[in-house]
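Produce the entire structure from the sequences given, and follow the hints as far as they go.
So the chains spell out like this:
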Amino acid sequence: MPKRKLDPLPSAAFQILLALAGEDLHGYGIMRQVAEQTESRMRLGPGTLYSSIQTLLEAKLIEELDQREDAKLGQERRRYYRLTSGGRKLARSEAERLADLLRVARARKILRGDYV
Amino acid sequence: MSEKIYACLLRLFPSHFREAYGDEVLQLFRDRTRDEKGFFPRVRLWLDLLADLAISLPRQYHYVRPALTGAAVQQRLQGAPAFFVLTEESPGSAALILGSGLSMIALSLFSILLGHAGNHRPLSASVYQRGHATDSRRSTLGHATGQAPGDAKDVITNASRMKPGEAKPNDSQSKALLPPDSSRFPEALPPQLQDVAQRERLMNAVIDNLKKHYVDPEVARKTGDALLAHKKNGDDDKATDGGAFANLLTKQIRDVSHDMHLEVVYSQQPLPDLLPEPTAADLARYRKALEQDNCTFKKVEILPHNIGYLKLNAFPDPSVCWATATAAMASLNHADAIIFDLRDNRGGYSSMVSLISAYLFDHPEYMYDPRESPTPHSWTPSPVAGNRLADKPVYILTSRSTVSAAEQFCYDLKILKRVTLVGETTRGSAHAGVFHRIDDHFGMGIPEALPVNPFSKTDWEGTGVEPDVKVKAAEALETAQKLAEDKLQKK
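Those sequence lines, one after another, are chains A and B.
Position one of the first sequence corresponds to residue 4 (my numbering), numbered consecutively onward.
Position one of the second sequence corresponds to residue 716 (my numbering), numbered consecutively onward.
Honestly, the hints are just simulated from the structure, not real lab data.
C-beta: ideal position from N, C-alpha, C; glycine also.
Where hints are given, some of them may not hold.
[What the hints assert, rightly or not] The following residues of chain A were derived to be distant from chain B, with all beta-carbon distances above 10 Å: (1) GLU39; (2) GLU42; (3) GLY48; (4) LEU68; (5) ARG85; (6) SER88; (7) GLY89; (8) LYS92; (9) LEU104; (10) ARG111.
[As the list claims (entries may be wrong)] With a straight-line Cα cutoff of 27 Å, these simulated DSS-like cross-link-like pairs (lysine-lysine) come out: (11) LYS719(B) / LYS75(A); (12) LYS1187(B) / LYS1026(B); (13) LYS927(B) / LYS947(B); (14) LYS966(B) / LYS953(B); (15) LYS752(B) / LYS75(A); (16) LYS1014(B) / LYS966(B).
Given below as structure tokens:
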């Protein structure tokens, strides 16, 4: 199931993997990070966020850490998530796939620019 | 307030999701409401949440936990059906009470339905209503498989001779038509006999039926008086159950009337109630079945020495089988002798008996049928145009299974000295009475017509028709062929 759900990788799941690539985050942290890295184009709602987290956990692309507080957000204990090596690998291959697409797009003169 | 609303909306998610992430979802909601203050951010927040619900709810309900799918695949591989628990929550007490209540209702309904099903009589009993009577409702029981449903002459074979053990395999249907034999349920004590008043009511019904339907009113009156006298003497008290009481009444009736066809029948199973006349569809089905069976004309061929051979397994309804019968006889028209093989013949219509017999005479002959008063069909429609068989030697093969109308064919043609019977003594089923239902367990057979036998004082009831040449049924054909060949050579 998870394999089918993640192939192709949904953009929400890819964004979560990217968000966790930098540091371990709790749910709200992931949401804010995704909003930041997409310049607020993607705001993950709670249902979408935790559905994706559930799928990624089952595919062992991320893992759950012990609960702890986030000093900036008060006393509440929060569940943190971390990218696994499998998750990192998948995120990289997805990025490479997109880079290939980008190259094609440039070759077809759909996109201008010289980086990548 | 808004958190409460969102908590309510959260209940739309499946329980497994709420259990795993419910708290965190609410926490995230709180984080956002804390950080996104002001009118527009709050509107945007709610729009986000509603859009999120619309997207993620269906996804969650399509979600199947891998543990379950894994188990399902494994189970299916083993070929066994499997059930899965999709939620670990135990059902609420209200749901449990409702569920047990519904189960109880379903169970009791099921048992009630089962109880009613016990009274249902299968249609295969082929019991059809004929007319109405005031006190005893009247049904008829056909006793030969060749008869059309509902079109059969009202007959019931003499049940006293038709013990189950005697029934032949090919007579299974006629066995099914008989009321279950009382001797099989000796311990049964039907409710009718539990008090004297019920027993009296039963006897009065028997007497009423006799007076109303029996062919000889004087005998009916005498018989009724005798039954009352027996009751007065306390002769009936020794009957301990329904079967014994029915047998006792039968004996008392026969002692006075000397008519062996009068009888009282007891059935532990409820006797069939009035059933509707067969529909056009029933009749069409019956016709089709007969036609598919070539009207039971199993074999029509010319044997060596130009002996015609016809194997006939019933005497089917001429209104359906006239063409088949005349074609079969026409194809044997040039034979020098005829062998009718009736060893597996289970009877049927006396009108077919007359139709086939017509080819054996050059003038009309009366075909005596103990079951009915003479009708135009009782005479053979002889001579048949173009027929050459009227003076040819005829042999009939018989067995112990040859029954009913087939016995009429044998009996009449033998008495008319037109045929030679080869084989075994026939079954011996001649008489019939109309069956009158008295109540759920009792009924009686009453002959309503006693045609005069022009040939003899007795017929084949109980004794069967004796063959002229007694051989085993299996050897009958060979013997008849030899007899025919000898006879033809002498010519």
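Checked hints:
With a minimum CB-CB distance of about 13 Å to chain B, GLU39(A) clears the 10 Å threshold, and the non-interface call stands. With a least CB separation of 15 Å from chain B, GLU42(A) remains clear of the 10 Å interface cut-off, as annotated. Some Cβ of chain B comes within 10 Å of the Cβ of GLY48(A); the nearest lies about 2 Å off, and the non-interface call is violated. LEU68(A), annotated as away from the interface, keeps every beta carbon of chain B farther than 10 Å; the closest lies near 13 Å.
Under the 10 Å C-beta cut-off, the non-interface status given to ARG85(A) relative to chain B holds; the minimum distance is some 16 Å. The claim that SER88(A) is not at the interface with chain B holds, since no C-beta of that chain comes within 10 Å of its own (minimum 21 Å). At roughly 16 Å, the least C-beta separation between GLY89(A) and chain B is larger than 10 Å, which holds for a residue marked as non-interface. Against chain B, the non-interface label of LYS92(A) holds: every CB pair exceeds 10 Å, the least being about 20 Å.
Interface exclusion of LEU104(A) from chain B stands, the closest Cβ pair being 25 Å apart, more than 10 Å. Every CB of chain B lies more than 10 Å from the CB of ARG111(A), the least distance being 32 Å, so the non-interface label holds. At most 27 Å may separate the alpha-carbon atoms for a hinted pair to count; LYS719(B) and LYS75(A) meet this at roughly 25 Å. Between LYS1187(B) and LYS1026(B) the alpha-carbon distance is near 17 Å, which keeps this suggested pair within the 27 Å criterion.
Taken as a hint, the LYS927(B) and LYS947(B) pair is honoured in the structure, with Cα atoms around 23 Å apart against an allowance of 27 Å. Proximity of LYS966(B) to LYS953(B) is assessed by CA-CA distance (about 14 Å); at most 27 Å being required, the pair is judged to hold. A distance of roughly 17 Å separates the Cα atoms of LYS752(B) and LYS75(A); the hinted pair therefore holds under the 27 Å criterion. For the proposed pair LYS1014(B) and LYS966(B), the alpha carbon gap of about 45 Å is over 27 Å, so the pair is violated.
Going through the hint list in order, the structure does not satisfy hints 3, 16.
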